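Protein chains: 2
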Amino acid sequence: MLPNKLQVKPIESTFSLKEHIYETLHNGITSMNIYADDAQLKLDERQLSEQLGISRTPIREALARLEQEGLVTVIPRRGVFIVRKSRKEILEMITVWAALESMAARLITLNASDEGIASLRKLFTSFENGQVQAHIDEYSDRNIEFHQSILELSGCALLKETADRLFIHMKGIRARTISEQDRAKRSIIDHLHIIEALEARDTELAERLAREHTLNLAAHIEAHVDYLD
Amino acid sequence: MLPNKLQVKPIESTFSLKEHIYETLHNGITSMNIYADDAQLKLDERQLSEQLGISRTPIREALARLEQEGLVTVIPRRGVFIVRKSRKEILEMITVWAALESMAARLITLNASDEGIASLRKLFTSFENGQVQAHIDEYSDRNIEFHQSILELSGCALLKETADRLFIHMKGIRARTISEQDRAKRSIIDHLHIIEALEARDTELAERLAREHTLNLAAHIEAHVDYLD
DNA sequence: GTCTGGTTCTTGGTATACAATAGCCCAGGA
DNA sequence: TCCTGGGCTATTGTATACCAAGAACCAGAC
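Those protein sequences? They're chains H and D, same order as listed. Per our numbering, the first sequence runs over residues -12 to 216. Per our numbering, the second sequence runs over residues -12 to 216.
Some hints could be false.
Identical copies go unnamed one by one, so any copy, or any two together, can satisfy a pair.
With a cut-off of at most 27 angstroms between alpha-carbon atoms, the simulated DSS-like pairs for lysine-lysine come out as follows [claimed, not checked]:
#1 172 x 5
#2 5 x 29
#3 109 x 158
#4 75 x 5
#5 75 x 109
#6 109 x 5
#7 29 x 172
#8 29 x 109
#9 72 x 109
#10 72 x 5
#11 72 x 158
#12 158 x 5
These are computed hints drawn from the structure, not numbers from a lab. Note that the coordinates shown come from a computational prediction; the quantities given were computed from them, not determined experimentally.
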């Protein structure tokens, strides 16, 4: 049966050049390995404007935004450069992240619904029998989902937003560290413990476990990651 | 005795138009009462460019930066508007802040020097005899200093940086709430307790007190501040 | 070979013109 | 009087031209 009212497309994609360029550059930067020795870290406004067929203005706006997020730095009369995060900066990000996530865990025990907490457990049902090694890629995705969900369930949008801002810089790093088998196994156990604490509404325990789990990542990076300066 | 080597000024002030405009607008916005009924919330690019005697470009860059910080919002073909934070957003900011500051307190007990912790106590020596009411303005300054110092002493620059980003939006709010006598007195007691916990290197206690102190502010605002929507 | 001085050329900063569109106002008709 | 349609205005988005600063390079002198 056809509708008797005119169906209109709900929303016109609010396409904006600077937005588009921002996303393009953002994806490009976060998906490249900026720590490779031969990585091309310099960006050229004019070259980009030619490649993309647009003027410099929207590119400059996109670059300015990327600069404020800390992905690039623009040095007057030198050029625009993709920034390599130092080991110290990465560790600080994880520290802040731990602060955010532990607060999120706390809030969940106080405010979240039982259904919300239950949804966390579902993320890991397929790994119950220690099949982590077999599906390491899928696990990595679930791992990220788990942490995103924790922040989401806290009910504090800013908490998630702030963490997301940090997360931008972590994609590359995290994908590497998580793929080490041993850590994946331990990580999944940690997650289940956190879920149990949340289910039990044990505020202090959930907070502590969430914090320690994240800080463990920091310790691991400090000890084992050597491609940072 | 005169130096036998040429003394040079260490750094040339890297004056930039967009930087200057950014600061001007930033100061202007944070120091005005944007919650007054008759507050002028609209900004005009061209008007600003005429007033300041420069072109629109650097103004647009400054506005873009302010937008990313959440101080203004620019609606295409409508204009640039100063954003009023909702009560919910303010409360979320304080929640995130609490997360950051409690982590900072934790780190201080683990890493900071005794001298650093001692410096905190000095901030409040002049208020020891309950002279808070008499010097409420000075107290307000010290209060801010205290929280800044906590984040500073944590040794995690990003922690402070992230908090500063939130603090931008709090200036107006905080100045009002702190001036209520009763709260000032309670606040100073809280601070001293936090300092004691830090001095004792009691990690868990310091973390808890720092968190609760900040969350108390949230509770107070939720209960008593009525000029937010 | 090395240092010095200047010249060139790259590159971001700024100004300005033009385009696109959302909102407003007014006229005209029912 | 109210509604509708069109065009006018206000305001940001985008393109482009020009400028200034300084990094890099090169030549010449010692």
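Unsatisfied constraints (hint numbers, rising): 1, 4, 5, 6, 7, 8, 9
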